[in-house]
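Note that the protein sequences, when read in sequence, are chains S and U.
Going by full-length UniProt numbering, 236 is the number at position 236 of the first sequence; the sequence numbering is gapless.
Going by full-length UniProt numbering, 3 is the number at position 3 of the second sequence; the sequence numbering is gapless.
It should be emphasised that the hints constitute simulated quantities derived from the structure, not laboratory data.
These figures come from a predicted structure and were not determined experimentally.
Accuracy of the hints is not assured; some may be wrong.
[Stated by the list, open to error] Under the rule of at most 27 angstroms between Cα atoms (straight-line distance), these lysine-lysine pairs were calculated in the DSSO-like manner: (1) K59/U <-> K134/S; (2) K15/U <-> K141/S; (3) K106/U <-> K134/S; (4) K110/U <-> K24/S; (5) K106/U <-> K135/S.
Chain by chain, the residues run as shown.
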Amino acid sequence: MASNRRPEHKAPPEIFYNEDEARKYTSNSRMIEIQSQMSARAIELLALPEDAEGCLILDLGCGSGLSGEVIEEQNHVWIGVDISQWMLNVALERDIENGDLVLGDLGQGLPFRAGSFDGAISISALQWLCNADKKSHNPVKRLYILFSTLYACLSRGSRAVFQFYPENSSQAELITQQAMRAGFTGGIVVDYPNSTKAKKWFLVLFTGGSNNQLPKGLTNEREETSSVSYSNTTQRDASKRYKNLKGKPLKKSKEWILQKKERRRRQGKEVRPDSKYTARRRCGRF
Amino acid sequence: MKLLTHNMLTSRCLKGVNVGYPLKLIAHETKQREVAFNSEFVQKMIPKMDWNVLASTAKQFGVDLPCEPPSNASEASEDLLRKVHHALLEIEIMQGELICPETGRKFPIKQGIPNMLCNEDEV
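Pulled out of the complex, with its shape left as it was, chain S reads as follows (with noise of 0.2 angstroms):
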């Protein structure tokens, strides 16, 4: 992607979100869909207990209040911590109800008591934190203080969602990495991974806790055919050997392969799609 096109390449996001930007997050009605789109998945990927209402949220990046809006419609309470002033100016011309606004920096960690929060999300903040605006400022630092913050005051067993845009896979690495140093288990989930426009990162994040299988990325085709099992018994037999020899799959095996390719997309990393050829021998000559 070009870089012009990112908005986080252009200034600091207390200098971007200005007055003008800030306004279209009330007017312009595509950015409002989107945005509720992502805060209502988020939520549905925190997986708050069944029929639970009356959970307090805490808002990364809240903005102009849209992802509270969406939290409050669903009976939960919010804390929305975001850096631009001009931004929350438009949130408080809504009419918040069950939400509060707090003036703050997500790199300089979050300023709340430990165990507040039943859970938080965070609408395309993120990759505003992997640039260093200010000379003071280093981005990996800043987001490991977000993380081990962010763990301390969400309660244990709860959930953590992120949105965001990667720029590239070495920056959905940086962020994991960062993210799992401070605890946190979970990786990133995408929604719609063969469509371009459509295509949504969100890093999923656990604290701990029995409910901790990641949840699957939404597809709008039908159910891929991947999993055909193939039925070649000498080979199954033979992999079967070596993993109760050693536990793990023959290297280079199919299953090997099949491992490391899911081990790598947990990552967030670039990972061509399983298909028939994946694993399968070369002939001979090249």
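Model the placement of chain U on the given structure of chain S, informed by the hints.
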């Protein structure tokens, strides 16, 4: 800013501050607004709040809460729940200051939004 947020905020992002809680609240201008009562939320919040801090700050605004938190939030009387609800969500501090208990750093509250931004040399 609601008292709910005040109950959660710390100044731990400042360098050298370990606890940074509770922040002293000085209100210059406050507003009352009605918020729909959600008993489930209040019941859920009671064990999470720092009750002493809530009781003492609510007193500043003329709301009397008992010194001890109800031991079982689900059996608390509706009267008490409504009182807690009023204290948590219906009092808005529009202008004022939050003061760090350890360093004395002041965080201004303007238009109901506390400014928790720190300078580069403070973090």
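Status of the hints after comparison with the structure:
{"no.": "1", "hint": "K59/U <-> K134/S", "in the structure": "43 angstroms, violated"}
{"no.": "2", "hint": "K15/U <-> K141/S", "in the structure": "15 angstroms, holds"}
{"no.": "3", "hint": "K106/U <-> K134/S", "in the structure": "24 angstroms, holds"}
{"no.": "4", "hint": "K110/U <-> K24/S", "in the structure": "23 angstroms, holds"}
{"no.": "5", "hint": "K106/U <-> K135/S", "in the structure": "25 angstroms, holds"}
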